[in-house]
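In order, the protein sequences belong to chains U and S. Letter 11 of the first sequence, counting from 1, is numbered 11 in the numbering used here, and no numbers are missing. Converting from the second sequence to the numbering used here requires adding 1000 to each position, the first position being numbered 1.
Errors might be hidden in some of the hints.
[As the list claims (entries may be wrong)] Simulated crosslink set (EDC-like; lysine to aspartate or glutamate; CA at most 20 Å straight-line):
no. : chain 1 : residue 1 : chain 2 : residue 2
1   : S       : 1041      : S       : 1099
2   : S       : 1064      : S       : 1022
3   : S       : 1041      : U       : 42
4   : S       : 1064      : S       : 1027
5   : U       : 98        : S       : 1109
6   : U       : 52        : U       : 84
7   : S       : 1055      : S       : 1065
8   : S       : 1041      : U       : 84
9   : U       : 98        : S       : 1059
10  : U       : 52        : S       : 1099
11  : U       : 98        : S       : 1052
12  : U       : 98        : S       : 1087
13  : S       : 1041      : U       : 63
14  : U       : 110       : U       : 8
15  : S       : 1055      : S       : 1022
16  : U       : 52        : U       : 63
17  : S       : 1014      : S       : 1052
18  : U       : 77        : U       : 15
The set of hints was computed from the structure by calculation and includes no laboratory data.
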Amino acid sequence: GNSVTQMEGPVTLSEEAFLTINCTYTATGYPSLFWYVQYPGEGLQLLLKATKADDKGSNKGFEATYRKETTSFHLEKGSVQVSDSAVYFCALYTGGFKTIFGAGTRLFVKA
Amino acid sequence: GAVVSQHPSRVICKSGTSVKIECRSLDFQATTMFWYRQFPKQSLMLMATSNEGSKATYEQGVEKDKFLINHASLTLSTLTVTSAHPEDSSFYICSAVREGAGNTIYFGEGSWLTVV
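Chain S on its own, in the form it takes in the complex:
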C-alpha cells in the first residue's frame, strides 16, 4: 500500500480562493519532502523542498507567497495555493524521503487542481 498519501486527490476551486493540499508519510518520519508540479503532457518540475521545522526552499521562478509550504510535523507537509487562478490548474505531487540505508524516496498519488 501507499506509504505517502496526498489529499485531496482532486479538487475544484473558484478563482481567487485558496486551496490546501496535504502530503503525509504514513509509516515513517520524513524531515524532507518535495513538491512538484506537472503541466499537461509535460514532465514534473520541482517547486520546493519542504524541511521540517524550517522554511521551505523554493526553486527559481516559484512564487513563495503564492505557494505556501508548511512542514509542521515529521509526517505532514502542506502546500497552499493562495488566490488561485486558472493558470494554477495542474497536477501537484509530493515526495518524502525515508532516510536510512538507501534513502528511499516515495511519491504520493498526486492531486489534480482545477481552478474555475
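The following block holds chain U by itself, in its conformation from the complex:
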C-alpha cells in the first residue's frame, strides 16, 4: 500500500542553520507529493508540492525535489528562522484524493 516515512524529530537548529527533513514514500502509480506545515495551535497549511518526477516545489525559501529513482521528497531550507518552528508533514496522494501523511517532524529553531 501507499505510505510515507519521514525522519523522526524533534529537530533543533539555531537560527540561520541549514535544514533538511527527509521524506521517502511507497506508492503504486505516480503520486503527487506535498509538504504541509502546522504552526502551534493552527491547522494545516500547504507549504509546497510536486506532481511529477523531477519537479521542484518551492515556497518561503523551502524546497523539495520529487525524486522517483530514490522515492524521496526531502524538504530543505538554506537558512531557518525562529518563525519556521512548526511541525512539518510530508504527504502523498494518488487517485481517489486520499492524502497519506507521514508522522510529522517537529522543528524547533533557537534564536
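Put chain S on the given structure of chain U with help from the hints.
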C-alpha cells in the same frame, strides 16, 4: 484567505453529550470531503471520506455510529461526535477536493475538541 472553513475552532463539551463540527467549502463545490483526526504529537489519521448525497466511507477501526458524518450539500459536511468521552478529545480537521485541473485539496483550520 481560507477556502475551507471549520467551525467551531475550539469546543469543550461534557462527557456523554454530542458535539457537531462543520466543514464548509467557501467558494467552490466539493462532492468529496475528508475528515482526519490528530492525537497530540502524532500524525493525521484519515477517519472517513464524506460523499455528497451518499453515505460516508469510514476507515477501518472508526466507529461509524460514534462519528456521524453528513454531507448534505455541495459546500457542507458535518462530523458529529456522539456520546463523547474524554478519549475523544483530539484535533479534528477536514479537507475538501476542488475538482478540476489539478484537483486541489484544501484543508480547514481544524477543530480542537476537549471532552471533560
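Hints, one by one, checked against the model:
For the hint pairing residue 1041 (chain S) with residue 1099 (chain S), the CA-to-CA distance comes to about 31 Å; that exceeds 20 Å, so the pair is violated. Taking the CA atoms of residue 1064 (chain S) and residue 1022 (chain S), the gap is about 17 Å. The hint holds against a cut of 20 Å. Only pairs whose Cα atoms come within 20 Å are accepted, and residue 1041 (chain S) paired with residue 42 (chain U) is accepted, the gap being roughly 13 Å. For the hint linking residue 1064 (chain S) to residue 1027 (chain S), the alpha-carbon distance of about 29 Å lies beyond 20 Å, and the restraint is violated.
In summary, the hint linking residue 98 (chain U) to residue 1109 (chain S) is supported, as the alpha carbons are separated by about 18 Å, within the 20 Å threshold. Of the supplied pair hints, the one linking residue 52 (chain U) and residue 84 (chain U) is violated, its CA atoms being roughly 27 Å apart against a limit of 20 Å. Between the alpha carbons of residue 1055 (chain S) and residue 1065 (chain S) the distance comes to roughly 12 Å, so the proposed pair stays at or under 20 Å and holds. Distance check on the hinted pair: residue 1041 (chain S) and residue 84 (chain U) sit about 17 Å apart at the alpha-carbon level, within 20 Å; holds.
Between residue 98 (chain U) and residue 1059 (chain S), the direct Cα distance comes to roughly 11 Å. Compliance with the 20 Å bound is thereby established for this hinted pair. Note on residue 52 (chain U) and residue 1099 (chain S): the hinted pairing holds, with a Cα-Cα distance of about 19 Å set against a maximum of 20 Å. For the proposed pair residue 98 (chain U) and residue 1052 (chain S), the alpha carbon gap of about 16 Å is at most 20 Å, so the pair holds. Between residue 98 (chain U) and residue 1087 (chain S) the alpha-carbon distance is near 25 Å, which puts this suggested pair outside the 20 Å criterion.
Restraint check for residue 1041 (chain S) and residue 63 (chain U): the C-alpha separation of about 24 Å exceeds 20 Å, so the hint is violated. Restraint check for residue 110 (chain U) and residue 8 (chain U): satisfied, since their Cα atoms lie roughly 19 Å apart, inside the 20 Å limit. Only pairs whose Cα atoms come within 20 Å are accepted, and residue 1055 (chain S) paired with residue 1022 (chain S) is accepted, the gap being roughly 17 Å. Between residue 52 (chain U) and residue 63 (chain U) the CA atoms are separated by roughly 15 Å; this keeps the pair inside 20 Å, and the hint holds.
In summary, the hint linking residue 1014 (chain S) to residue 1052 (chain S) is not supported, as the alpha carbons are separated by about 30 Å, beyond the 20 Å threshold. About 12 Å separates the Cα atoms of residue 77 (chain U) and residue 15 (chain U), which keeps this hinted pair within 20 Å; it holds.
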